[in-house]
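Protein chains in written order, with our numbering: chain A, 171 to 979; chain B, 144 to 339; chain C, 141 to 441; chain D, 163 to 377.
Check the hints yourself; a few may be wrong.
Only some residues are given here: those of chain B computed to face chain C with a beta carbon under 7 Å [unchecked claim]:
1. V179
2. F182
3. Y206
4. T234
5. L235
6. P237
7. A240
Computed cross-link-like contacts, DSSO-like style, restricted to lysine-lysine with a CA-CA straight-line distance of at most 27 Å [claimed, not checked]:
8. K216(B) x K506(A)
9. K919(A) x K422(C)
10. K276(B) x K623(A)
11. K344(C) x K919(A)
12. K922(A) x K200(C)
13. K353(D) x K292(C)
14. K200(C) x K350(A)
15. K177(C) x K919(A)
16. K200(C) x K912(A)
17. K200(C) x K210(A)
18. K422(C) x K344(A)
FYI, nobody ran anything at the bench for these hints, they're computed from the structure. Glycine residues also receive a C-beta, built at the ideal position from the N, C-alpha and C atoms.
Below, each chain spelled out in residue letters.
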Amino acid sequence: MTNHWVDIKNADLVLIMGGNAAECHPCGYKWVEEAKAHRKAKLIVVDPRFTRSAAMADLYVPIRAGTDIAFLGGVMNYLLANDAIHHDYVANYTDFSFIVREDFAFNEGLYSGYDPAKHKYDKSSWDYERGEDGFVKADPTLQHPRCVYNLLKQHYSRYTPELVEKICGSPKDKFLEACKLIAATSSPTSAMTIMYALGWTQHSIGSQIIRAGAMLQLLLGNIGVAGGGMNALRGHSNIQGLTDLGLMSNLLTGYLTLPNQAEQDYATYLTPRAQKPLRPNQMSYWQNYGRFYVSLMKAWWGNAATAENSWCYDYLPKLDKTYDMLQVYELMGSGKMNGYICQGFNPIASSPHKAKMTASFSKLKFLVVMDPLATETAEFWNHYDEYNEVDPSTIETEVFRLPTSCFAEEDGALVSSGRWLQWHWKGAEPPGEAKTDIEIMAALYMRLRDLYKAEGGAFPDPIVNLAWPYARPGHPTAEELAKEYSGKALADVMDPKDPTKVIRKAGEQLAGFAELRDDGSTSCGCWIYSGAWSEAGNLMARRDNSDPSGIGQTRNWAWAWPANRRVLYNRASCDVNGKPFNPALKLISWNGKTWGGVDVPDFKADEDPAGGMGPFIMTPEGVARFFARGGMSDGPFPEHYEPFETPLGYNPLWGKGKGQVQNPAARIFDDDRKALGQADAFPHVATTYRLTEHFHFWTKHVRIAAILQPQQFVEIGEALAKEIGVKAGDNVKVSSKRGQIKAVAVVTKRIKPLTIDGRTVHTVGVPIHWGFKGVARAGYLANTLTPFVGDANTQTPEFKAFLVKVERA
Amino acid sequence: MVEVTRREFLKVTGMTLAGSSVAMLGFAPETAIAEVRQFKLARATETRNTCPYCSVACGILMYGLGDGAKNAKSSIFHIEGDPDHPVNRGTLCPKGASLIDFIHSEGRLLYPEYRAPRSDKWQRISWEEAYDKIARLLKKDRDANFVAKTADGLTVNRWLTTGVLAASASSNEAGYITHKVVRSLGILAFDNQARV
Amino acid sequence: MALQSLDIRRRSATTTPAPMVRDGATPDVAKLIDTTKCIGCKACQAACMEWNDLRDDIGKNTGVYDNPLDLSGQSWTVMRFAEYENEKGDLEWLIRKDGCMHCEDPGCLKACPAPGAIVQYANGIVDFHEENCIGCGYCIAGCPFNVPRISKKDQKAYKCTLCSDRVAVGLEPACVKTCPTGAITFGTKERMQSDAAERVEQLKTRGFANAGLYDPAGVGGTHVMYVLHHADRPGLYSGLPADPKVSPLVRVWKGATKPLALGALVLAAVFGFVNYVRTGPKEVEPEDELAAQREKEQIHG
Amino acid sequence: MADKSHGPDLILRHEPRDRVLHWLIVIAFVGAAASGMALFHPALYWLSNLLGGGRWSVILHPFVGIAMMLFWVPFARMAWSENRLQPYDRRWLSQIGDVVANRDDRLPDIGKYNAGQKLLYYVMVACMIVLLLSGIVIWRRYFAASFPIGVVRLAGVAHAVAAFVLVLGIVVHVSAAVWVKGSISSMMGGKVTPGWAWKHHRLWFRERIRSQGTR
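Just chain A, with the same shape it has in the complex (with noise of 0.2 Å):
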């Protein structure tokens, strides 16, 4: 999120789409409904069923799964045609007015640079125009027919509201109606904010669709300012902090990236991360990724981390590529894997293509499962009637299944969606032998370490060499861990203005990544976390809910990071002199020597505004993007392509038989792309989702949540019903290219079927939630059905739209 959960409170609209906060987030979603009730703030979903978040809105829209960006592309054409835009904010505050390269190009659906071989881009025209002086050029009239602004026109100019009735489904004048309220947040005193989740994300396009609903904020001027945002919902407890702490495969903690084989040297490896300004005094504020790297391998290296061996910079394993999850389990299925330890998780369960995952699984020569529940996946060797028909005796895996606290069994901090870091407390002891993941991890390393050090073994340095300052080394505990990641000085830190003074001694924590540096003074597990625990002690304990402006900024509630900062880049909520655009919603503004408020602001905290530094001071051009530059695997504009699974099988923005029908760049490996689906077998089109009586795969352990939905269903409308002859509370079999389930049919008037360039599709909805362990009555697991294809960016799966056929069973 880049507002937070009680900031809702003070949007004017609120879109909610690929997402269903009502269901999925109740708690959260209040804020809807306090925004709702006390600022008259109006509602929309859009969504292929009608979800209990339509039940509460004032407009539903319902849309073909998989076709948002289509959706979004025809919102900001009717903003860009109706020039409901917010001028001042999108000329200053955007990359509106740069120039982009002339060898830039898009043609039916292929941006320039496409490699078909290797289904990947070569992204090098995909950037703006250079000056003499190495900036950015740039037209500020915006008369340039290729500066983003005219090119952003043209792209989706093409997305009119009969195409979007024509991809999505969507009725024109519910479209229209929509575009109406979205636009009327153009306005400096209006905001609308974007609540969007795995709907969005789970797509062969998801991170696309994700960076059109951030663009369309962008037009409005709806980013930075109260009320407003991009706002990621976060299905997971600590899925935030997890991924701030960088537990990816391509990922060091705070975003820091691992090197890629190619870059053999440190040098080699900084220079493109720590970007140097592209406009005039700006930020661009990963200058500065010196300083966290040295300070994380410093954390993690301690004294071994050396300037002369660049910090330990050949301790850190070198990316060939990225090893994401379905990465792994293909290199599984080929053999290439003989370990694999799940921490709380339940890949079985929750990866695509469940047939494919257990045959993977199967090759593996150990799994350790670490749980507090049993789950599938440390039971994926086990026969379960029809759930899990596998026959153990052909099985080699050796399995490890190791009991573990829950969350009310530790100490420890959890991160939420508002980035808020909160600690929280242990209430009992676990039961039986259950040990906490500290403890075995610990215990696990301490075991290796100890190996190493008896027998040696292959490059057994950076093992040997772990900085593990911790009092009672089998059981680090939570605050020494939390510490550590906050970072403390490691020798006197000087102020650098006056380099005579010390402004952190030698051992005391550190305030904040201000005062982190790259000559291994510092160390810092997690630089986006620094301060988190300064010398005032543990913040993420803070306890103060009082709220002074009454706009819900509890600044002394817990930690937010980066530096307590509620709103992310809450500089772009005033104008260009510093003034907010909206007074009753001030977060900060400048008061001539300094900027303050009732926010952390996320700018230099003495810049004078006549500077003309922008506020998305992360980025070297100190603006937002409409145009991605590289930043994007699969173009530099989001454009629809259909799910790998199309019921259609073309793209109906190009037609039959021409353009490209899926995302280009899309993560399919080619067994996979063997076991897609057609719509003449499979007609139609599927969504997997969460229902709000259970979390994932959790809950079904859960008595009181298996007496509230005991048993798997699927959803279907009306219309389908009768044409297969079912009726409410019926078992079909609902089947895909790679397995089948059987559930009992809810038939509903949520479901409708929609008509997409002139033919009727059906909409199955797939809740996710059983499976073959818990004291619910046991099912089969979803993901039987689901497909194997990832997103370009991020390889997350597409659940949200592929193909089946529903029968009577």
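Since chain A is already given, all that's left is putting chains B, C and D on it; use the hints.
Below, chains B, C and D without anything else, positioned relative to chain A:
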């Protein structure tokens, strides 16, 4: 004979009378005084925590047995929303409101278990045995498959044959130490649940 | 506002008044359920089960979202989902939290034959005391909303207590506290009525011309009230009765009939007794025997 | 009375089987009525103690009622023919004042049962049928849930009304039995003196005497 039957008759018909006199003597069942159920949290220990499900991150209050005295062994018996929390203000969704059944789920794992190749059952093992076996398997695989340099001489120091999937609900601290350990081993096949 | 035995307004099957000298600050409380804010998330159901230590059976899906499908001894509140297509052709998902309405004039209490099994506290909460319950089920017949249920486990009647134990120590009911969207609120009845009026005005400006408060007069008003988008048609909300009253049959049965019938029985017995005393027994006199003998002989001649 | 009951010429009024049934019905009635009345009016709640308290009353009442029905059906069938209304019953009824005032000599001659008894019989038939049917409908444990709530409510009223009428009838019946000396002993020992029969049921007396004539 008639005398007897008469007495019997009297007995039967007199039962109602007898009943009434018994009642008058005070043998009627006490009509319990109508009071509300006792408030069950009176002196329970309150611990503040965060709901482990979605990222709204609602504050919760956990009520545990005992007052924290050394001899009192806590067990959480009730959970409700934290009214001080700025986001949820005491509310909880159906999942949060049923957290107590997660803590005490019959699906909770209690001790380390091991499944041997081709076996169809779990066997209980000790933590020591589990750690030893796992560490040995990890080292064996790493030593056998660690790539220090590629064929074309690039230093890569990576280990690709073992992967780690990190949690989505473990604390920052657990995540941080997991990352630290995993990268020190050179693992790249590393992911979390951000996408699913 | 701790409640105790002296804070009782009505008590089932009790012919003498409850202690009623107290008349202080204990206000009439009420729960207001705003169906226009309800998302049907069932958090209230979960919180109810959790607080009251209730665990119903793990049931089945019958083709609808409703689960458990109906109230029971262990499900004191359930969400009822209705899909309604309005005049404009737009779908409305009308979701109603069903459970005890805590009537001011409770039919269950009226019907209950067990002394003290049902009480109404001074704050208006109608509570069942299962230790006094005899499991006859008359409360079910007495309830105009068809709410009480006899548990299969112990054959006693159960329903929502409005968390009388929480309210007694000054807390809000569990369902109220948990409600994520604020669709359920709790306070004095007066406050709830004024909040409802405000909300109804808001709804009228948002296109619900018939929005209104459901606080049916037929049962003397209720301590659980609904804000409805369509207050003119409560039946849309899974059959919420438009004008609930304690059934006239129940009124007859449990009203005037009781003393009248009892009086009649007593009168009959008294009459028999008085008549006996006044006229003396009908005895067979020796002359009757003689007459019988004579006639017998006559017949047998 | 006692000396009359073993005279050599006593007349058999009630067969042993009928006497047994009668008293079984009485026992069942007392149980059902006490428990039923306990639930009917709070002032009679103490009657529930007869069957062991309110809960036991609710549990046992329907079973006791069923038992009463089971005893009553053969009993009623036996008495069916003797309870047919005859022309003299109307006269007897019209002279109810004489009945109450013990001016029995003015009453017409009647058969085995007088009109009052016959009316009680029919009232019982009606009440027992209503009680059985309505009782099933409101039998919470097994059946009530299968009936619509309106039917249950109606049955509740019907059950109460029928029970009231029945109890009222029984009050009259018991009063009469106590009042008419010799009645109770006849239901105990089965026999009445010829004088009793002659006095109260003269037509029946004659019929009995005539049939004895053949012995």
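Satisfaction of hint between K210(A) and K200(C), Cα-Cα up to 27 Å = violated (40 Å)
Given pair status - K292(C), K353(D), alpha carbons within 27 Å = Answer violated: K353(D) to K292(C) is near 51 Å, above 27 Å.
inquiry  = Is the interface hint satisfied for T234(B)? The criterion is a beta-carbon contact with chain C at less than 7 Å.
reply    = Since chain C brings a Cβ to about 5 Å from T234(B), closer than 7 Å, the hint holds.
request  = With a cut-off of 27 Å on the C-alpha distance, tell me whether K200(C) and K912(A) pass.
outcome  = This hinted pair holds, its Cα atoms lying about 14 Å apart.
query = Can the restraint linking K422(C) and K344(A) be considered satisfied, given a maximum Cα separation of 27 Å?
reply = violated (94 Å)
ask   = Against chain C, with CB atoms and a cut of 7 Å, does the hint on F182(B) hold up?
value = holds (5 Å)
ask   = Would the pair K922(A) and K200(C) pass a check requiring their Cα atoms to be no farther apart than 27 Å?
value = Cα-Cα ~25 Å, so holds.
A240(B) as an interface hint toward chain C, with CB separation required under 7 Å = holds (4 Å)
request  = Go through the hint on L235(B) and say holds or violated, using the shortest Cβ distance to chain C against 7 Å.
outcome  = Check passed: Cβ of L235(B) comes within 5 Å of chain C, closer than 7 Å.
message = Please check whether P237(B) passes as an interface residue: C-beta within 7 Å of a C-beta belonging to chain C.
response = Status holds, d = 4 Å.
query = Does the structure keep K919(A) and K422(C) at a Cα separation of 27 Å or less?
reply = Distance ~79 Å between K919(A) and K422(C) Cα, so the pair is violated.
task = Could you check if Y206(B) really has its C-beta closer than 7 Å to a C-beta on chain C?
result = violated (11 Å)
Checked against the numbered hints given earlier, this structure breaks hints 3, 8, 9, 13, 14, 17, 18; the rest are met.
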